[in-house]
Amino acid sequence: MSSSTESKSKGEEKKVNSENNLKDDMPKEDTTMESNNKGESPKTSPTSEKSKKQTEEEKQFLKVLIMNASGPSQGENPTARRKQTIQNVINKYNPDLVLFQEFKWEKIHGNKWPSDPIPTYYSLTKGDDARIVYKNTELIVEDLIPITELQRIIDELKTKGKFSNTNPQHFALISRMTLRMVKPNMKFLCISWHGEHKIKEKLDEFKNLITFLTEIYVKYKKPLLIAGDFNVGIKLIRQEVKEPFKLWEYEASERRTDTDGVIDYFIASKELQLSDIKPVDLKKDSTADNPEEVLDHDPIIAKLELAPLSDTDPPLDEVTDTNRTTKDFGKLNLSDMTSVDVK
Numbered sequence: 001m002s003s004s005t006e007s008k009s010k011g012e013e014k015k016v017n018s019e020n021n022l023k024d025d026m027p028k029e030d031t032t033m034e035s036n037n038k039g040e041s042p043k044t045s046p047t048s049e050k051s052k053k054q055t056e057e058e059k060q061f062l063k064v065l066i067m068n069a070s071g072p073s074q075g076e077n078p079t080a081r082r083k084q085t086i087q088n089v090i091n092k093y094n095p096d097l098v099l100f101q102e103f104k105w106e107k108i109h110g111n112k113w114p115s116d117p118i119p120t121y122y123s124l125t126k127g128d129d130a131r132i133v134y135k136n137t138e139l140i141v142e143d144l145i146p147i148t149e150l151q152r153i154i155d156e157l158k159t160k161g162k163f164s165n166t167n168p169q170h171f172a173l174i175s176r177m178t179l180r181m182v183k184p185n186m187k188f189l190c191i192s193w194h195g196e197h198k199i200k201e202k203l204d205e206f207k208n209l210i211t212f213l214t215e216i217y218v219k220y221k222k223p224l225l226i227a228g229d230f231n232v233g234i235k236l237i238r239q240e241v242k243e244p245f246k247l248w249e250y251e252a253s254e255r256r257t258d259t260d261g262v263i264d265y266f267i268a269s270k271e272l273q274l275s276d277i278k279p280v281d282l283k284k285d286s287t288a289d290n291p292e293e294v295l296d297h298d299p300i301i302a303k304l305e306l307a308p309l310s311d312t313d314p315p316l317d318e319v320t321d322t323n324r325t326t327k328d329f330g331k332l333n334l335s336d337m338t339s340v341d342v343k
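Just so we're aligned, residue 1 is where the sequence shown starts under full-length UniProt numbering, counting upward by one.
You may find that some hints are simply not true.
[What the hints assert, rightly or not] Listed next, with one range per pair, are the computed distances between beta-carbon atoms:
id	residue 1	residue 2	range
1	Glu243	Asn290	26 to 34 Å
2	Asp276	Glu240	24 to 32 Å
3	Leu247	Asn94	24 to 32 Å
4	Gln239	Asp155	43 to 51 Å
5	Gly110	Lys200	26 to 34 Å
Keep in mind that the hints were calculated from the coordinates and are not lab data.
Don't be surprised by glycine CBs; every beta carbon is placed ideally from N, CA and C.
The whole structure should be built from the sequences, with the hints applied where relevant.
Here it is as structure tokens:
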């Protein structure tokens with residue numbers, strides 16, 4: 001064998017090994033995340049955690065869950081039933097990322113979560129109106145854009161007259177989102193979003209959000225996912241979502257289509273695609289009594305993967321790799337799907 005051929009073979013072998021051994025690429029400590037001290041976390045079966053991790057390493061997609069954790073406090077012990085429902089859904093669907101809205105607790109482990117414990121390989125980001133839970137054995141979530149820079153971008157867009165005429169007191173894009181990078185399989189920006197529900201100018205707020213996201217996308221050249229409770233009906237915003245973003249729709253449950261309509265959804269830049277999007281059936285998937293009394297939103301589960309690349313549409317710098325196949329997470333650096341905590 002020639003030296004060039006041998007070198008090439010070794011290179012290919014190294015490449016395959018790096019793709020098949022993501023477990024060696026463990027996440028760095030993130031001081032913004034919830035502590036997982038032994039005294040605070042319930043014990044889980046090592047065998048169970050290992051088997052779940054192996055299953056996640058073999059797949060070519062990430063499972064993403066949207067969940068508004070609030071709702072009316074009806075019946076007995078509503079807080080305990082709400083926690084039980086949250087735990088049931090996470091354990092049932094085993095998502096890689098959970099994009100929470102109105103999540104009121106500072107921890108997801110310990111004696112305050114006694115029923116159906118959430119595995120310790122999940123971590124919770126800090127935040128205000130929106131939070132992210134992620135698998136700390138599979139993903140690294142970290143800040144990319146300083147809050148001061150985000151505010152500078154907003155101020156510049158205001159000065160240039162790029163925003164709709166929203167009342168300034170309601171203009172709070174930063175405080176209503178969490179934005180972070182996701183790693184190691186594919187690098188992208190992930191935002192958990194909770195839209196304002198007390199204002200009349202909801203559509204204006206959505207337009208401003210899209211303007212802001214477009215600026216972030218162009219400036220930082222990274223794929224972007226935003227999902228959560230937008231608090232504005234999907235029928236109203238369809239025409240506002242344009243290139244490079246796409247609105248990913250799904251068939252909602254009767255209780256959403258019969259009341260306030262579909263307000264929980266996914267929007268992604270063209271490098272990403274979603275599939276198998278569906279609402280969680282709380283009555284079926286939770287052991288809590290009347291779970292729909294304590295969560296008035298249906299959690300939404302979906303698969304996230306790379307979108308096929310068009311020959312006429314060159315990819316962003318972060319996803320450029322002539323050797324990669326479409327939908328191959330293994331050849332991309334993935335930023336955490338949680339959005340950056342911007343207060």
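| Going back to the hint list, which numbers does this structure go against? | 1, 4, 5
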